[in-house]
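Number of protein chains: 4
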Amino acid sequence: MNKSVDLSKYQIRTDLAIDYVEDKNKLKGVKYKTNIINDITVTNVELDKDNDLGKKKGKYITLEFEDVTDYNNANKLRKTLTLVLKKMLKIKSDSFGLVVGLGNDKSTPDSLGPLVVNDIIVTNHLYMLGELSSNYKRLAAINPGVMGETGIETSDIIESIGQKINPDYLIVIDSLASKSIERLNKTIQITDTGIQPGSGIGNKRKEISKDTLGIPVIAIGVPTVVDAAVIVSDTISFIYKNYAFNKQYMKNPKSKLTFNNVNFLNKKIKENKKEKQDLLGMIGTLSDEELQMFIYEVLNPIGYNLMVTPKEIDFIIHKLSNIISTSINNSIHNIDRDR
Amino acid sequence: MNKSVDLSKYQIRTDLAIDYVEDKNKLKGVKYKTNIINDITVTNVELDKDNDLGKKKGKYITLEFEDVTDYNNANKLRKTLTLVLKKMLKIKSDSFGLVVGLGNDKSTPDSLGPLVVNDIIVTNHLYMLGELSSNYKRLAAINPGVMGETGIETSDIIESIGQKINPDYLIVIDSLASKSIERLNKTIQITDTGIQPGSGIGNKRKEISKDTLGIPVIAIGVPTVVDAAVIVSDTISFIYKNYAFNKQYMKNPKSKLTFNNVNFLNKKIKENKKEKQDLLGMIGTLSDEELQMFIYEVLNPIGYNLMVTPKEIDFIIHKLSNIISTSINNSIHNIDRDR
Amino acid sequence: MNKSVDLSKYQIRTDLAIDYVEDKNKLKGVKYKTNIINDITVTNVELDKDNDLGKKKGKYITLEFEDVTDYNNANKLRKTLTLVLKKMLKIKSDSFGLVVGLGNDKSTPDSLGPLVVNDIIVTNHLYMLGELSSNYKRLAAINPGVMGETGIETSDIIESIGQKINPDYLIVIDSLASKSIERLNKTIQITDTGIQPGSGIGNKRKEISKDTLGIPVIAIGVPTVVDAAVIVSDTISFIYKNYAFNKQYMKNPKSKLTFNNVNFLNKKIKENKKEKQDLLGMIGTLSDEELQMFIYEVLNPIGYNLMVTPKEIDFIIHKLSNIISTSINNSIHNIDRDR
Amino acid sequence: MNKSVDLSKYQIRTDLAIDYVEDKNKLKGVKYKTNIINDITVTNVELDKDNDLGKKKGKYITLEFEDVTDYNNANKLRKTLTLVLKKMLKIKSDSFGLVVGLGNDKSTPDSLGPLVVNDIIVTNHLYMLGELSSNYKRLAAINPGVMGETGIETSDIIESIGQKINPDYLIVIDSLASKSIERLNKTIQITDTGIQPGSGIGNKRKEISKDTLGIPVIAIGVPTVVDAAVIVSDTISFIYKNYAFNKQYMKNPKSKLTFNNVNFLNKKIKENKKEKQDLLGMIGTLSDEELQMFIYEVLNPIGYNLMVTPKEIDFIIHKLSNIISTSINNSIHNIDRDR
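Protein chains in written order, with my numbering: chain X, 393 to 731; chain H, 393 to 731; chain B, 393 to 731; chain S, 393 to 731.
Bear in mind the hints are in silico, worked out from the structure with no lab data behind them. A hint or two may mislead.
Pairs involving identical chains hold if they fit within one copy or between any two copies, as the list cannot separate such chains.
[Unchecked claim] Derived PhoX-like pairs (lysine-lysine); straight-line CA-CA distance at most 25 Å:
#	residue 1	residue 2
1	451	471
2	602	556
3	711	468
4	598	703
5	478	602
6	498	711
7	425	451
8	418	711
9	441	665
10	668	633
11	498	703
12	471	425
13	598	556
14	602	668
15	711	471
16	482	451
17	441	451
18	441	425
The structure displayed is predicted, hence computed values, not measured ones.
Use the sequences and the hints to build the structure in full.
Right, here's the structure in full:
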């Protein structure tokens, strides 16, 4: 591979800490714990300052769930998310919060943040008038838009409004690009480390965190798109995984390329380098990271900015935004209807 | 009428200077000139510091036009508005503008500002990267939302972003409440005096002007709703106007209350006090302003926040926003397609 | 008044049977009963063939409720409406229903029908494949659009699809024009008489009923707009009602036109003809119907097709459509989550 | 590959005749002609009854164009499409047309048909009243919805309305799934063969054609999504194409996997079987069709219904629908503004 190319720009970021914590026991500075709450898998990752992951110190809570277009799944997620947010936020009665929806309301998979903000119960204007009832906390909310539509760096908009109204904490909602098609719309991450540069669908954001703003920043993110390069490299990996799985688990595969509708994705397989190269040629000699970067370069001249989403994305995004906005409202204000 | 009531809160505001300039010759500090450009009536009102109208010193240009859902009318308006804006803005090649859309994108008649901003060609982010082509000027655009949805005073959002990015001038687009159903969606006012307190549909805005922000503020406003009280008082006035018109112009009215589908609204009539009281009773003895305030009081206990719009308002607002955004883009950037 | 004018075209229709049943005891062929269910006033009117109202034989159930943007009001209405629909529909397990949303999804106050249909759980295609689970009934749903957008008479679309798929019953949802601003978005009528000509916002519809289609037609209607003429005539009536109320109830009105923020609208007043004419002149001699027709004629030359709605209509319509679609789904399918 | 799997269900359909006509000279029953009109490549394919492609007899006109979000490209496309439609439709002055928008207006890439129909100038209701001006032809338009939302087979809705109103011809607009990422939103096909089973995004439609309806059916289709499997197989093909290109055209490639930002996609390359297998392993021995089917099988167990679209799809679809609706209006009615 031509090393003169700037590979960093092709690197697919993920801010899902859970993606890095596969072999949790061997890592230093990493605490890891998983619970099941209302059938939702809740994973707490706590990173110390000098952790082996090289990621920012802080808490990362991940909720993994099934298809939210199912009423029962949605219900369970809402209850669990409310619990998790209550614990993460621990709002004092006189705290003033600002909720920020990152993303573009005109691009369906990137519209999660703006949609959530539209349903937040804001009260700051009532507080200013002395008309705030005791069941509600002081809350404001903004949709700063995206740089392509405003011409302004999004973090500048947030910072300047923050300096004007002086909130005590920030909640930021964002659509994320996923490194894996299996996580798409099926994972929520809540972290107290804020938004890191390069995360999110737009890929060029500046940091929004306690370090840059001086107040706690809770980020709520959902992976809603997969870059086209990811699906290609995932599929190439699957090809080998499936082939190896068949060879290792199946007795008499009619053909080495047979598929038998068995979900091989969750099975552990041992990789055999020679075998992988036979199947995939020189492509098979690349690491996962090298493969993805390589595919980026191949797709680059086509000039298309492609994304992969489920066909029913419009419906899923509305469900997710409804769950998240209700959970935020319930966990901050004293109006939880699921008691 | 009970003078202990605070009548000021019932006063229907209009920021259309043209509404005040009926008897232009008698007014001091008021310059007034009307042209017809592409079949559009363009009225220039220039107010000196101590003008008889008691309004802010500055230029007020009003465009009066016919139904914009007609393709030809829309075309003429776009051309004329582009001309007027070019003259009003006189953008230097290195000027940096910020376009602000006031209003609520979820309420159709109040969505004009946000819709216009969505179609503004922003370039500030390209300028910051040194990638701005010479045909384009430096421009940013924001939709600050409304206080009921953000919890934040709108002028605070504009002011704080303004202080961060330091534009040279502001363009503010707003839906206005009209004092007259005849002006509804058929008038655009451009003024260099900015947004005055109490104008707009929301009715509670703070001033946004050169005085408060320190840079020129061009406000573009269109009356898109009429308060319910206005239509009642307008109709009561029409009743008399029509009656008097028939008496003065028609030879043999079959009945004093006859209507003959003649548009009496543009005719001059002489008012006869006795006659008006016969027709309308004590109501007929009130001045137009007293009548409107009186109706506000009558409608007040019903507790409804009613507005009057044309039935096809969704369609009209989209046409108007398209005309205004195209005119702004054409008059600032070097991309006018109507040369 | 000039009797040569065709007054019928100015007549403001209401299909709310409740508007006609003020003096219930004196009417023949009219059964009338009111219950309070979950704080919702439910009025059952049953009309015999030869009823004094001159309206179609059948059941008319009216729900009167408070502002649905309040969570508790919405909850109560949903529960009560589900109960009422269950009783009205009495769906057999093998019945096949077609839900029809009348109205224009691009005009907010007329979009109720289309919005409800978007959230109906349709199952007919699963039934055709033999894949329908036993908790669900067979259901299809269409939005036929409005004649101005399709060029086709709406009843022709419904009739032709009906003939093709052969449903056992029809449910039709429609936005209505109200005769009264007090009912706006605060009344739902369910009737087994279908849709009558001239009702609805569009005003020119053909009958859609058992008589025309041969199957039961349940119509669900909500008044969402008031014609501009209504608010004028209502206000003129209020003016006198308030004046008379003040004279009769208040001891020392400072002025005959004083208002004291007392809600006079629900008080009974005795009308005094002489007094009314003093206050309102010749206008005061007209009956309510004559006044409305007169105002139509006055507003006619202005050429504007105006409607009156609450300023928050976009939000209210979404709430109402959510309540109605959930109630229909709950009352037909076996999925009621409020048991 | 396991031949017991039903491969047909994995077959990616394309209704773009142009995809089949690469080696035009060798095919029987196929006439083929390409023109450039206003910089748009217009390809006419005419298929005889017994053509070598095994496709339906008829005309297929394909317009290939550049990014329509560019004003000039959009302008040229609109003019050329108007010309092509005029020729294809040859509307007699008394012909009655019905325009049908296939697809789901709630799923962005599938919303092209409904969006186009929303902007068609319908006149049939005016014709019925004898009020149609001579500049306009008789036209109606419907959005029949999708089966998942109506519970009714879409072709049944079209057929039943057709039988009721008796149009002389049908125009059907549809979003297509593309077999190639390069065609995405950059091709329009107009054909007089109607809609064939299995085409379109939904994939399960019945035929809508002269054979089934008895009147001419003109179908206008745009590929707006690519199935996720396509992008994987396209990329794998590109990998080899690029590798071979570099070897054949570049003198000193620093590495065999180097990319040099040269658009290799339009270059002819000679395929070398041995070389391809070295690069891609056993995967390299599969034909393009086998590769796509194979990838379908790999992606199948993941259970996701994924699609690939450009990130700016919302904006592109609105531009395309505007161009197509304007072209239809201009080519049918006598209102062409581009003369």
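Hint by hint, here is what the structure shows:
no.: 1; hint: 451 / 471; result: within (20 Å within a copy, 42 Å between copies)
no.: 2; hint: 602 / 556; result: both (17 Å within a copy, 20 Å between copies)
no.: 3; hint: 711 / 468; result: both (13 Å within a copy, 23 Å between copies)
no.: 4; hint: 598 / 703; result: between (31 Å within a copy, 21 Å between copies)
no.: 5; hint: 478 / 602; result: within (19 Å within a copy, 45 Å between copies)
no.: 6; hint: 498 / 711; result: both (17 Å within a copy, 14 Å between copies)
no.: 7; hint: 425 / 451; result: within (11 Å within a copy, 61 Å between copies)
no.: 8; hint: 418 / 711; result: neither (38 Å within a copy, 52 Å between copies)
no.: 9; hint: 441 / 665; result: neither (37 Å within a copy, 53 Å between copies)
no.: 10; hint: 668 / 633; result: both (9 Å within a copy, 22 Å between copies)
no.: 11; hint: 498 / 703; result: both (17 Å within a copy, 11 Å between copies)
no.: 12; hint: 471 / 425; result: within (20 Å within a copy, 42 Å between copies)
no.: 13; hint: 598 / 556; result: both (20 Å within a copy, 16 Å between copies)
no.: 14; hint: 602 / 668; result: neither (46 Å within a copy, 52 Å between copies)
no.: 15; hint: 711 / 471; result: both (14 Å within a copy, 22 Å between copies)
no.: 16; hint: 482 / 451; result: within (14 Å within a copy, 53 Å between copies)
no.: 17; hint: 441 / 451; result: within (11 Å within a copy, 60 Å between copies)
no.: 18; hint: 441 / 425; result: within (18 Å within a copy, 68 Å between copies)
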